[in-house]
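Protein chains in written order, with full-length UniProt numbering: chain A, 1 to 532; chain B, 1 to 532; chain C, 1 to 532.
Hints listed in this document are in silico derivations from the structure and should not be mistaken for laboratory results.
Here the structure is a predicted model, which means the values were calculated and not measured.
Since no wrong hints were added, every one of them can be taken at face value.
It does not matter which identical chain is used: a pair holds within one copy or between any two.
Subject to a maximum C-alpha distance of 20 Å in a straight line, what follows is the list of computed EDC-like cross-link-like pairs (lysine to aspartate or glutamate):
no. : residue 1 : residue 2
1   : K301      : D532
2   : K125      : D532
3   : K54       : E72
4   : K231      : E516
5   : K309      : E513
6   : K124      : D532
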Amino acid sequence: MKKSKPSFLGKKYLYTLILLFVFTITFIPSHSFAQDPTGAKTGTLADIDTSAVKTLDTISKAKDSSTAKLAEHISQLASTVHSIGDADGHNKIAINIMWTLIAGFLVMFMQAGFAMVETGFTQKKNVAHTMLMNFLIYAIGMLGFWIVGFAIMFGGSLNPATLGGAPGVSSHEVIIHLFGKDFGIAGTAAYFLNSKVYDVGVFTLFLFQMVFMDTTATIPTGSMAERWTLKSFIVYGFFISMFVYPLYGNWVWGGGWLSALGTNFGLGHGHVDFAGSSVVHMVGGVAALAGAIVIGPRYGKYGKDGSVKTIPGHNIPMAIIGTFILAFGWFGFNPGSTLAGGDLRISIVAVNTMLASAAGAIAALFYMYIKGGKADPGMVANGMLAGLVAITAPCAFVTATSAVIIGAISGILVILVYNFVDTKLKIDDPVGAFAVHGANGAWGVLALGLFADGSYGDGWNGISGTVKGLFYGDYKQFIAQCIGTITCFVFVFVVMYVFFKLLNKVIPLRTKEADEIAGLDIPETGVLGYVD
Amino acid sequence: MKKSKPSFLGKKYLYTLILLFVFTITFIPSHSFAQDPTGAKTGTLADIDTSAVKTLDTISKAKDSSTAKLAEHISQLASTVHSIGDADGHNKIAINIMWTLIAGFLVMFMQAGFAMVETGFTQKKNVAHTMLMNFLIYAIGMLGFWIVGFAIMFGGSLNPATLGGAPGVSSHEVIIHLFGKDFGIAGTAAYFLNSKVYDVGVFTLFLFQMVFMDTTATIPTGSMAERWTLKSFIVYGFFISMFVYPLYGNWVWGGGWLSALGTNFGLGHGHVDFAGSSVVHMVGGVAALAGAIVIGPRYGKYGKDGSVKTIPGHNIPMAIIGTFILAFGWFGFNPGSTLAGGDLRISIVAVNTMLASAAGAIAALFYMYIKGGKADPGMVANGMLAGLVAITAPCAFVTATSAVIIGAISGILVILVYNFVDTKLKIDDPVGAFAVHGANGAWGVLALGLFADGSYGDGWNGISGTVKGLFYGDYKQFIAQCIGTITCFVFVFVVMYVFFKLLNKVIPLRTKEADEIAGLDIPETGVLGYVD
Amino acid sequence: MKKSKPSFLGKKYLYTLILLFVFTITFIPSHSFAQDPTGAKTGTLADIDTSAVKTLDTISKAKDSSTAKLAEHISQLASTVHSIGDADGHNKIAINIMWTLIAGFLVMFMQAGFAMVETGFTQKKNVAHTMLMNFLIYAIGMLGFWIVGFAIMFGGSLNPATLGGAPGVSSHEVIIHLFGKDFGIAGTAAYFLNSKVYDVGVFTLFLFQMVFMDTTATIPTGSMAERWTLKSFIVYGFFISMFVYPLYGNWVWGGGWLSALGTNFGLGHGHVDFAGSSVVHMVGGVAALAGAIVIGPRYGKYGKDGSVKTIPGHNIPMAIIGTFILAFGWFGFNPGSTLAGGDLRISIVAVNTMLASAAGAIAALFYMYIKGGKADPGMVANGMLAGLVAITAPCAFVTATSAVIIGAISGILVILVYNFVDTKLKIDDPVGAFAVHGANGAWGVLALGLFADGSYGDGWNGISGTVKGLFYGDYKQFIAQCIGTITCFVFVFVVMYVFFKLLNKVIPLRTKEADEIAGLDIPETGVLGYVD
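Take these sequences, add in the hints, and give me the full structure.
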């Protein structure tokens with residue numbers, strides 16, 4: 001190698017480069033500091049209101065102290081303060097909108113994480129198919145949510161105060177009256193993000209809530225992987241994003257009846273779910289369970305003799321990196337759910353989120369070691385995801401130690417539920433979607449009803465006072481959590497089970513046996529996922 | 001497995017762990033709330049100006065109402081308000097700089113997305129080579145832009161008001177006079193980010209614009225993949241980052257002549273391109289086309305009998321994850337182009353961006369189904385990218401519905417153009433770089449000229465009033481867009497075609513036939529991309 | 001394919017879709033603009049304090065100019081200004097907390113980058129094992145840091161002013177007295193993030209510092225890869241996160257003795273390390289070196305005849321994408337270390353960070369070309385990482401040109417050190433962890449002592465005046481940097497060497513020879529990383 005003289009770059013080029021640097025550093029004038037290299041002087045009152053600078057300078061140097069002059073100055077001061085206060089308020093809302101958008105971007109990126117986890121934990125012969133489902137759901141869900149989902153979910157409460165309150169926007173919620181109480185059922189505004197809601201606050205809310213919906217919608221692609229026809233999947237994608245997710249979401253977050261269990265029936269603050277253990281994860285996990293039952297197990301998964309075959313994932317690195325991406329995106333998921341960067345509780349939320357994820361992973365690890373097993377990367381990753389799912393509801397309401405306990409329990413729960421579903425119920429859920437999102441989603445909302453420490457949540461769902469769980473004295477909050485959990489399971493399971501059964505009659509859910517055995521990439525996508 | 005007693009971690013360890021938790025939660029004192037767990041009390045006037053707190057308290061409790069005292073208090077109030085206003089202005093600029101930087105970070109991450117898309121869609125035997133080009137361009141482009149590119153592009157307008165305006169910094173633009181008008185051609189300040197521009201605002205602008213340039217520079221690595229010598233590629237990298245991209249960029253964003261079509265010739269707001277459908281994507285896509293023509297098709301791509309061979313990508317999961325990363329980074333690309341977190345239009349921009357991406361993917365999917373084909377993941381991914389490219393120019397100026405329409409058209413356009421270039425023109429563009437970035441870049445700027453709804457852009461390019469497209473009554477804006485588009489194609493194609501032709505004489509663009517057939521990893525990088 | 005009429009989606013579906021769009025855009029009422037599509041009117045004084053709006057309006061329109069009335073108005077103005085100032089201060093801290101959290105999220109994501117770089121650069125037979133170590137360290141380190149690490153490192157300085165200053169929180173540092181001076185050794189507060197530190201500012205600090213620690217802890221997984229038992233690794237993870245990293249970290253960042261070299265001995269500003277070239281990278285790199293020595297080289301790496309075998313990495317794309325993720329995360333690492341988005345120096349920091357990374361990569365590339373070699377992607381990637389490590393300490397204190405020079409030197413240094421360790425010292429460090437993090441960590445802190453230009457750092461470590469390096473006139477600063485560097489090497493090397501030696505007696509560090517040869521995935525994790 002050394003013999004052939006380098007033809008392209010020789011030593012003289014290096015010397016030229018070095019000389020260039022020396023020249024640069026030597027002859028370019030040293031700092032004049034005419035500019036602002038520290039940034040301390042950048043951004044002043046002049047960036048808000050140049051006339052205010054002049055007014056204030058004039059007033060502070062005024063010599064005339066006649067009452068007429070003083071009155072004039074006071075009046076000028078008042079308008080100037082008003083203008084500064086307006087800029088201050090604009091900064092406040094800008095902080096909140098920036099925070100919510102950036103958090104939403106992180107949540108959107110979780111789609112890549114789901115795609116990697118699911119594809120890594122399934123078989124090589126189906127990678128293009130599994131990837132494509134995870135890819136398409138982002139686009140399908142988004143359009144479904146844009147068309148009608150967002151209108152159903154948030155049509156009744158489009159104007160969160162943290163995002164500016166959008167004064168010109170009218171919200172509308174369908175309400176039914178039962179037992180002398182109002183039960184909000186569904187919103188009916190903001191279809192297609194039409195011109196009546198053409199507002200920066202509403203659009204911010206849409207972006208953040210859209211990516212949440214997509215998380216739900218992508219979960220069943222894991223439990224039904226390796227045997228689901230793309231065409232029935234596409235119909236499913238529109239259905240869940242347009243109706244199922246938005247309805248339950250409306251009941252909890254959109255002003256619907258579960259959020260009113262406090263005001264209507266005195267049950268704590270109603271069903272409280274900070275960032276979606278139930279609204280997002282349990283809905284997705286229960287839909288995943290219904291789908292896995294209807295579509296049936298993969299060929300070869302369960303023997304006629306009752307044997308259970310483990311079908312190993314084809315790519316552990318892909319699944320682990322996917323898990324990291326999910327854990328990363330969760331920092332948008334949970335802390336972003338304040339819809340306000342100015343609500344500094346975000347730091348508590350973020351720390352609780354990561355502590356629970358670590359506790360979930362380590363609890364799963366130690367549990368496996370204690371059982372005499374090895375450190376299965378799949379189970380450790382699922383332990384972390386379980387911790388994240390479980391802390392999603394209570395993250396804003398509990399102490400760091402409680403977050404660790406909640407996470408640790410979820411890390412063991414996910415293994416127990418996975419094994420129960422897989423070997424006892426004999427429901428084939430390739431990536432453990434129900435164990436991770438369904439079971440731990442339920443555990444998360446219940447954990448809130450146990451561990452909420454009363455340090456946060458004053459005024460939540462219109463109830464004054466902070467949110468307290470059973471361990472901190474409010475057993476009624478725990479009851480509200482139970483009602484929310486049961487409602488979620490029953491509503492989602494029934495609707496999705498019926499939906500999948502009906503859909504199966506129109507467009508078969510299941511790919512052909514020969515295709516499934518040979519691999520779905522060519523039959524469903526026309527290309528091979530991996531080409532040598 | 002169960003026989004061997006676990007030696008490392010037994011049940012007693014678990015019990016210890018549990019006891020530790022119980023101990024922790026029990027004996028550590030419960031919250032004193034002496035601190036601020038909600039964050040509501042964190043951050044007060046004292047964090048800005050401690051003396052102001054004292055002054056204001058004194059004044060509000062003052063008993064003496066002599067005019068002398070009142071005058072003194074008014075004067076003190078005025079200075080205090082000034083100080084608070086300064087802090088307010090600093091917050092405003094901090095919000096803008098944070099936003100621009102974070103958006104820039106997201107755009108930088110798109111380099112990983114490009115690397116994955118291009119490598120996934122090409123062959124296994126060239127992965128190290130394709131990856132390396134995508135990696136090196138980040139570094140090469142950055143240094144080229146630092147040396148002279150930024151100076152040419154923004155030397156004439158270094159001080160955006162949203163980033164503080166950098167009062168000590170002098171901008172300079174080379175202007176030529178024709179037909180009694182001024183035509184800005186190129187900036188000439190800020191070479192090497194030297195000490196004259198050592199300013200926080202200028203550096204913020206540099207970071208954001210640098211990552212944009214790198215997006216352009218990386219696009220031709222897709223169209224010329226699998227046959228390009230690294231050494232000629234390195235020269236290309238410096239050339240496009242130092243001269244070609246910055247020049248066109250100057251004309252549109254740096255105060256150059258295309259941005260002055262409005263002030264000079266009454267054509268709407270001049271050529272308007274919010275985030276770079278033309279400046280970034282079309283420049284890259286047209287350069288990619290010129291390069292693909294000069295370097296010629298891969299061996300075996302086109303048969304002597306006129307047959308066209310499809311060379312499948314080797315790794316669909318890699319390409320799909322890369323697409324997700326690009327879609328994620330685009331949330332920096334478009335919303336960041338306000339250069340201001342305080343410009344709350346960012347939420348409209350972000351929502352339009354994602355809606356167009358979804359519409360592009362779904363339109364491509366449905367188009368393939370209608371044509372009787374299957375859901376090719378490559379085309380669906382390109383549909384999403386096409387939607388993103390097309391919405392990049394108009395994202396800030398159109399409604400959500402228009403964004404969906406623009407995206408849907410781009411999803412079909414990308415397939416038509418790809419097939420036309422591939423089978424009619426017989427130009428071998430392995431990843432469809434021209435179809436995605438070139439054709440849809442053009443469509444994006446033209447779409448702005450059609451769909452801009454007049455709700456935003458007051459004062460853009462020095463023209464008062466908002467930006468309106470043909471459908472909303474301003475046909476002159478559409479003419480300006482056409483001029484910008486044609487200029488982009490002609491300028492970039494001619495310069496890059498000539499450049500590649502000349503470069504080819506000095507350093508051959510094309511790798512040796514034998515190397516290309518065997519794979520470029522060993523000949524070009526010395527290592528194999530994948531080792532078993 | 002074309003023969004079979006598409007059963008699912010036909011042309012009529014497309015027409016329906018098009019009609020739907022036309023309907024949408026035509027019949028939905030055009031903008032009323034009752035809302036705020038530009039966002040310019042969103043966020044006003046009313047979002048802060050509705051009564052202030054009324055007060056100010058009343059005052060500015062007042063007719064009564066009696067001194068009593070004027071005095072009343074002045075008093076009201078003073079309280080209103082106070083309230084606006086409080087909101088302003090809250091915005092300021094919110095900006096800082098948001099910035100620090102988002103930066104921390106980016107740093108957390110670096111874990112995925114490390115996992116990919118290390119796994120990509122090692123062998124296919126160990127991928128599940130290498131991935132799992134990188135995954136587990138995130139969780140293990142986090143719990144260790146939560147239990148005691150954070151308390152040791154920051155227990156003595158829990159209240160950074162930029163994060164609100166947490167007035168109710170008491171810090172405590174263990175101090176020893178020597179030569180009539182105080183030497184801070186370790187903090188002793190905030191174990192388990194207990195209720196005494198239940199504060200939004202403290203939790204923000206914890207999150208940011210936790211992810212920094214995890215970076216350190218993950219570095220030795222690279223040097224000890226492909227032969228390390230998981231069980232000893234787990235013990236290591238707790239040890240370094242609980243004790244070693246926090247102690248050195250306390251000395252530099254937590255108010256400990258190295259930070260007091262300025263106040264105690266007049267050595268500049270004491271040991272200055274902006275974002276952790278020494279605290280994070282050198283600690284990790286030196287621990288990696290100690291571990292690599294104790295664990296010994298991989299079987300087959302060094303022949304008995306003195307030959308050195310190159311064991312190529314199995315997946316270059318994985319390693320390159322990992323490098324991009326690291327470079328992306330570094331934008332959190334360095335700019336986030338202001339702990340303040342309102343410290344606008346963040347833009348200088350970010351630009352310096354990326355310029356050094358580019359210079360490192362390009363210097364490595366040109367060095368290899370000059371030596372007559374090829375563009376080894378591994379070395380180019382390590383060149384970029386070396387540039388990032390080296391600029392981490394000086395990023396806030398140097399000019400852009402100095403950043404390029406520092407980066408360029410590091411890009412060559414990493415190759416020289418890697419070769420020296422690999423072929424002269426015959427220490428087997430599979431991914432060059434010491435060369436990248438150890439050697440360049442040292443170079444980074446020394447470079448600060450040379451290139452700091454005196455434009456920033458007024459008051460750093462309690463010393464008034466800015467930070468200046470040797471080239472700018474302060475040789476004592478360089479001495480302080482040398483002391484910090486030597487301390488880091490000696491302390492970490494000795495402690496970790498002894499620790500690994502002792503640990504090896506309790507739980508063998510090294511996997512069995514047969515397992516190492518066959519691959520560690522099954523023996524250590526129970527599953528194969530890749531399944532065909």
